[in-house]
Amino acid sequence: MVEADTLRTVVVVVLLVGGGPTSNWCIAPGLCGAPLRTRYWWLAPYVDKELCYTVGPLGEGDFSAVHQLAFPSVGYQSRCLGGHKVGRRIVLGSLRLSRDIFVGTGSGKIMNIISSDLARFDIVCYYMNSIWVSPLSVLILLYLVWIEAGLAGGLGVLSVILFLVPTQAYFCKRSSTYRRQTALRTDARLGLMNEVITGMKIIKMYAWEKPYSKLIGNARKAEIVELRKMSYMRGMFMALNICSSRTALCVTMISTVLLGGILSADKVFVFASYFNTICLNMTAPFVRAFAELAEASVSLTRIEDFMIQEEFLKDKQAQDFGPPPLGTAVLINKMVARWKDSSTDNTLKDICMRVKRGKLVAVIGPIGSGKSSLMEAMLGELSVTSGSCVVNGKISYACQEPWVFGSTIRQNIVFGSTFNKTRYDEVLRVCALLPDLEQFPQRDLTLVGERGSSLSGGQKARVNLARAVYNDADVYLLDDPLSAVDTHVGKHLFDECINSYLKHKTRILVTHQLQYLKDADTIIILNNGKIELEGTFEELMCSNIDYARLLGVDESLVVGEESCEEDLGEIHQFRKVSRLMRELSRMSIMSKLSNKSVLMEEEDLGITQRKRRRSSIYPKVERSLLLDYFRCGANITVLTITAALFFLTQAACSGADYWTSYWTAQEETRHYHHFTNNYSGVEANDSSLQESNFILERDDLYSTEFCLYMYLGIILILFVASIVRSLAFYEVCMHSSNNIHDAMVSSILRTEIRFFDVNPSDVSAAVRSVPPSPGRGLRISGSSFPSRWRALCIKKNIPEDFGYSPKIGSIM
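Going left to right, the sequence shown walks through residues 547 to 1358 as the working numbering numbers them.
Derived from the structure by calculation, the hints contain no laboratory data. One or more hints might be untrue.
To be verified - Here are the simulated DSSO-like cross-link-like pairs (lysine-lysine), alpha carbons at most 30 Å apart as the crow flies: (1) K747 x K886; (2) K747 x K905; (3) K880 x K1076; (4) K1049 x K902; (5) K756 x K775; (6) K1049 x K1064; (7) K940 x K880; (8) K895 x K940.
Claimed, not checked - Have a look at the derived ranges for each label pair, beta carbon to beta carbon: (9) L761 x E1085: 54 to 62 Å; (10) T744 x K967: 18 to 26 Å; (11) S1046 x K902: 14 to 22 Å; (12) D1065 x R1300: 35 to 43 Å.
Virtual Cβ for every residue (Gly too), placed ideally from N, Cα, C.
Can you make the complete structure from the sequences, with help from the hints?
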């Protein structure tokens, strides 16, 4: 479709710059985001501290709101504009794909590209500024840490960089690989599900529920394998986020002690806030940006691979041979065509045909003779291997199988064209839809349901014909529109619509209703992909050819000649004209008999479902469903262990913060005793400090080595517990997802067929009716709990005599 070397650049520019002016003014908040992420208190040495700590939080909150709203606006606008443009190109490109490539691609992959791959770019727009804002913020913080702590602070920042950057690079690389494999497995599963839902009637007919359930289960298991790898990788990443800031603080405190420095509360908790901010910039937004870029790169590759597929050029014949002569609507010259380029069997062979403007051409022939293929060739959907097929003017097509979509009757007829009241009413009249509309309470605003479930077969055929007629075109291709209606309606459609309303248009009619051939200007008889006969009605009557062989009529299945002539009163006057009319009569009788039972069945279905309307109201989700979700993933024992791991991880986080404050208090007290032993002039300060409940007696002080080992032990427990917690949580979620999927597939396969007549069959519509993931809601609702609990633990061990209490808020 597009050159491969330029496609990637074009797609990226359209997606990322599709936001228009919004993406420009959001660069300013991104630039200001660097000092914002270093927190407001970096100004404290240069301005009044009380003013800084009073006004700072207010200014930070206001500007943070603007800053956080700016980036999503870029992502959403890029998705709406840029993503819409690329999505439109994908949809239009899929319509131009050759049939071989389209069958190999599958509808599941196209749906996954539009719904999932394009969604990656609005997330990239949200995080893309973090790629340069986060390093700039870290440089500012590194400078501040160096001023406060010197070499010890530099070692702490270096530990964060050495700890996070290599692991993040590895995670991003593996995430890209797993994302690519997951996309392939998801494409296969969605394609299989789409085929199952579409062909549910056949599955029910042959009782294939169990084999197809096994096929879908195998496809889901292959997808779960890749999803589990991605989940484990994400769990490891979450564990690193929890431990990174505390590890950096641990390195800084150890370095300070080993270098002979003094641990004080006003420095330790400022360092904690520094490192928390550094890790926040280097983990959450920064790593997420690279992770999303890696996944977006995979999505971009998938979009690129799809858009560079070979296109079926419908206008190639017109460009090669030019327009037909003046007064000619369709010109076909020695055309040879086939459905598959790799096949050696030609569907149409040596077709020569010329249709003048305003003429009615009837195409008849036995089943499989190539009538619909001839229509497809004129539409440009059938690959022409040699010869030419040129249609002059706009084409309107009514397919053989009526197609309607889940909307109102009016929208199915207008189909995106400009609504013209006069033309619309006339189309309803000539297509015999007015009596049917009187039966509906909402008339033409009635919802037809999925696949036209509320309409009968004849009504769907007339809506399908009305759509083609409403479209003002030069050439009308009508593929057997009269076979799905009864005799008097078919006569009305032919007389009022085809032969009257469209009398000045070029019409090519494929039909088995041979009583209408006398009104055709030209009749073409196809057989085995070749034109056996062509001429007017009178010319074919005068010929002396075996028409029974050409039309595929089985003499043993046809009633006697006399009974056929009695049933066909409309062509009774031609009873003795020629052998041609006798053979045509027999074929017409068989066509009526074959369609009668189908019409009766579809009419009954339409009557029972005519007043059924779909509801899009979401049901109320009960709280017990959350517990049911986890029960689907594990038993009560595993859930209890998982919950205990969450509490253990939180206890380790809070314990690390508590021990930091406790160790700092120990070092403050030890330094005080060392100071009083060397200087005797500080008795007053000594008595005031002894009154504080924060100061411990010398005999109660732990050694520095014990405090160090204790802190390292807590950090190790935190690291292990956070990893096990994340892996256990994702394992439970994966089991829940797999079990719920299997249950849904089983329910779909076992439900009655009427369910599929009144509910949407496309996967995207089903996804929109499913609530968001419970796991995501749990992460959001519980995100504020750890920081609040940590603040309470620290507050308990810090007196007002040390540091500035407003700084504690920056740790959160």
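Hint-by-hint comparison with the structure:
Proposed proximity of K747 and K886 is supported: the alpha carbons are some 28 Å apart, at most 30 Å. As the CA atoms of K747 and K905 are separated by approximately 41 Å, the hinted pair breaks the 30 Å bound. A distance of roughly 11 Å separates the Cα atoms of K880 and K1076; the hinted pair therefore holds under the 30 Å criterion. A threshold of 30 Å between alpha carbons decides the hint, and for K1049 with K902 the separation of about 13 Å falls inside it, so the pair holds.
Between K756 and K775, the direct Cα distance comes to roughly 29 Å. Compliance with the 30 Å bound is thereby established for this hinted pair. Distance hint between K1049 and K1064 is fulfilled; the C-alpha atoms sit about 15 Å from each other, no more than 30 Å. A distance of roughly 23 Å separates the Cα atoms of K940 and K880; the hinted pair therefore holds under the 30 Å criterion. Annotation: proposed proximity of K895 to K940 holds, straight-line Cα distance about 25 Å (limit 30 Å).
For the pair L761 and E1085, the beta carbons lie near 55 Å from each other, so the given range of 54 to 62 Å is met. Between T744 and K967 the Cβ separation comes to about 36 Å, which falls outside the hinted range of 18 to 26 Å. A C-beta distance of roughly 19 Å is found between S1046 and K902, which places it inside the suggested range of 14 to 22 Å. Here the CB-CB span from D1065 to R1300 is close to 41 Å, well matched to the stated 35 to 43 Å.
In summary, the structure is inconsistent with hints 2, 10 from the numbered list given earlier, while agreeing with the others.
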